[in-house]
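S.K.: Can you make the complete structure from the sequences, with help from the hints?
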Amino acid sequence: MSEKILEAIHINKSFRDPVTVKVLNDISFVVNKGEFVSVTGKSGCGKSTLLYILSTMDTDYEGKLFIDNIEMTGKKESELALVRNEKIGFVFQFHYLLNEFSVLKNVMLPGLKLNKYSVLEVEHRAIEKLKMLGIDHLANKPANMISGGEKQRVAIARALINDPHIIMGDEPTGNLDKKNSDIVFDIFQQLTQEFNQTLLIVTHDQTFADRTHRIIEMEDGRIIKQ
Amino acid sequence: MSQNLIISIAQSLLVARWKQTLVAAIGVTFSITMFITLLSFMAGLNDLLDGLILNRTPHIRLYNEVKPNSHQPIQSAPTYQNAYHFIHSVKSANVRQSIYNSEAIMHALKNDKQVLGYSPKITAQVFFNDGNIDITGIVNGIDVNAESKLFHFNDYIVKGNGVDINKVPNSIILGIELGKKLLVDIGDIVQLTTAKGERFPLKVVGFFQSGIKDFDKVQSYTSVSTVQKIIGKPGDYITDIQVKLINIKDAPIVAKQYMQLFRADAEDIQTANAQFETGSSVRTLISYAVGITLLIVAGFGIYNILNMMIYEKMDSIAILKATGFSGRDVKRIFLVIALGIGLFGGLLGLVCGLGLSATIGTIPFNTASLPTVKTYPINYNPVFYLIGIVFSLITTYLAGWFPARKASKIDPVIIIRGK
Chain A
14 MSEKILEAIH INKSFRDPVT VKVLNDISFV VNKGEFVSVT GKSGCGKSTL LYILSTMDTD
74 YEGKLFIDNI EMTGKKESEL ALVRNEKIGF VFQFHYLLNE FSVLKNVMLP GLKLNKYSVL
134 EVEHRAIEKL KMLGIDHLAN KPANMISGGE KQRVAIARAL INDPHIIMGD EPTGNLDKKN
194 SDIVFDIFQQ LTQEFNQTLL IVTHDQTFAD RTHRIIEMED GRIIKQ
Chain B
-6 MSQNLIISIA QSLLVARWKQ TLVAAIGVTF SITMFITLLS FMAGLNDLLD GLILNRTPHI
54 RLYNEVKPNS HQPIQSAPTY QNAYHFIHSV KSANVRQSIY NSEAIMHALK NDKQVLGYSP
114 KITAQVFFND GNIDITGIVN GIDVNAESKL FHFNDYIVKG NGVDINKVPN SIILGIELGK
174 KLLVDIGDIV QLTTAKGERF PLKVVGFFQS GIKDFDKVQS YTSVSTVQKI IGKPGDYITD
234 IQVKLINIKD APIVAKQYMQ LFRADAEDIQ TANAQFETGS SVRTLISYAV GITLLIVAGF
294 GIYNILNMMI YEKMDSIAIL KATGFSGRDV KRIFLVIALG IGLFGGLLGL VCGLGLSATI
354 GTIPFNTASL PTVKTYPINY NPVFYLIGIV FSLITTYLAG WFPARKASKI DPVIIIRGK
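Protein chains in written order, with our numbering: chain A, 14 to 239; chain B, -6 to 412.
It is possible that part of the hints are untrue.
[To be verified] Straight-line Cα separation of at most 30 angstroms, DSSO-like style, residue types lysine-lysine; simulated pairs: (1) B:K324 with A:K154; (2) A:K100 with B:K324; (3) B:K399 with A:K100; (4) B:K324 with A:K88; (5) B:K402 with A:K89; (6) B:K12 with A:K154; (7) B:K142 with B:K222.
Everything labelled a hint here was simulated from the structure, so no lab data went into it.
M.R.: And the structure:
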């Protein structure tokens, strides 16, 4: 059995305002190293909510969450920020690049925050990631001057900069056309195959999900199939 | 967490919104400029007004006051040693106006480390004779060099030369108003009569203008020896010794010591001119109040602009948090932005303040009562600049603190899910 990267144990979550609505009901599953997992389900089934809990950004839940066999539940905000910085890479539906910075600087920011490598090394690593994704020629462009597909690839490079244990994606292809979606999927596949990267992607794109290793299907806050 | 990263992010956000930044910084610049200008100008005026009196007033004046003897004979009677004495119709004792042992006192003052300098003086009442009219006046015998050095005597000479009263025998410097009354000019002779009825002709060598008209109507100056000659007293006859101390604050204490040591009356400047301190401090207080008000207004400007910036930058804040920046880091980024505006605006304000006050300092300001002042007075005290920059940093820090805290509390999930 390969090592566990992420483990969710009996996770429950309710929205209390204005009335109590249970959105997640007893979610338990494990993601192992090198797995390419997709979470699917209809809109409103709680898959995004689950992702934000797994990403440590949402701390308002019951149950337990382990990342890299360390319990995340009950940690302080600043400690969780460090975990996100070091162990988790994010790709969202929207790219969330900072327009004030160049493409390269956007990719470098989480690396600079981690402060594990010198600025020059971080820059070198960032260029390597961009090269791997085939967009190193954009490095010095301002982030708002590149196309949507390119932006999403920059966001992936940013997610990769600190060699995270797991990359989490919330509809990473949701805003992209077929061609760019395929590019993004190919990148993810390449990451799992060549770098043994763990991926957890929330998507409602069934064709995308079908090509992943494992599908976790959700409905009404429960896992119905995995 | 590297400080450089925080600063570089803050810098990029600032540069990206440079117009807003500029508006915020101009607010700070304006208030610091006005703060510096106001204080420099106000302090300059204070110095000027205080100088009117304080420059010319000795820190300690040694003299003999006409007053009743403090030791009355009844106090020596052993019978009434422990009784309370009621004495009626006490009269002032016949004291000598001149200071006893003046040579020795001056020698002691010369060796006293607290003393910057001293100047002897004789004051005598005289009449100036103008035709058949007698004008009451006062003639002061002074050591013109010491007087100029310690009490800026030369600054108030508007015509002629102060040193001439030492060089020209039997010469006199008249108050400008007195000169007008007597219709004399430099080189003319005035006649004066002493209280004892003796007449002396003296040559006018200059005029002075103190800025206080009543003073200029009666006062005149000549050398110590000339006055001694006029009133027929010997060379050691001195009625006042004016002492200037190194530290004016010591005056009340030193005055008490001298009173015992020299057995003469000693009056310190604080007792003689208490009202000036009050006036200056009230004026200073008002200028500080206005300056700080300006800064607080600028602070609200910064608060608004940072608040707006945070609403605009919600996405950026969310992604910074998602990629591992803690709330504290985000807060520091916005505090650095606020302080950057404060520092930049403040430094620019100091330069503009210096420029504006220097400009005011060149505006002509002529008034008959202040002969030495040609332009508006400005005090370039570095303390104002220090206070200015410190205040600008404190205000901007406080103005930035609330928006920064708000930014640090932003929940990235709400922003990201909202898309």
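S.K.: Which of the listed hints are broken here?
M.R.: The structure breaks none of the hints.
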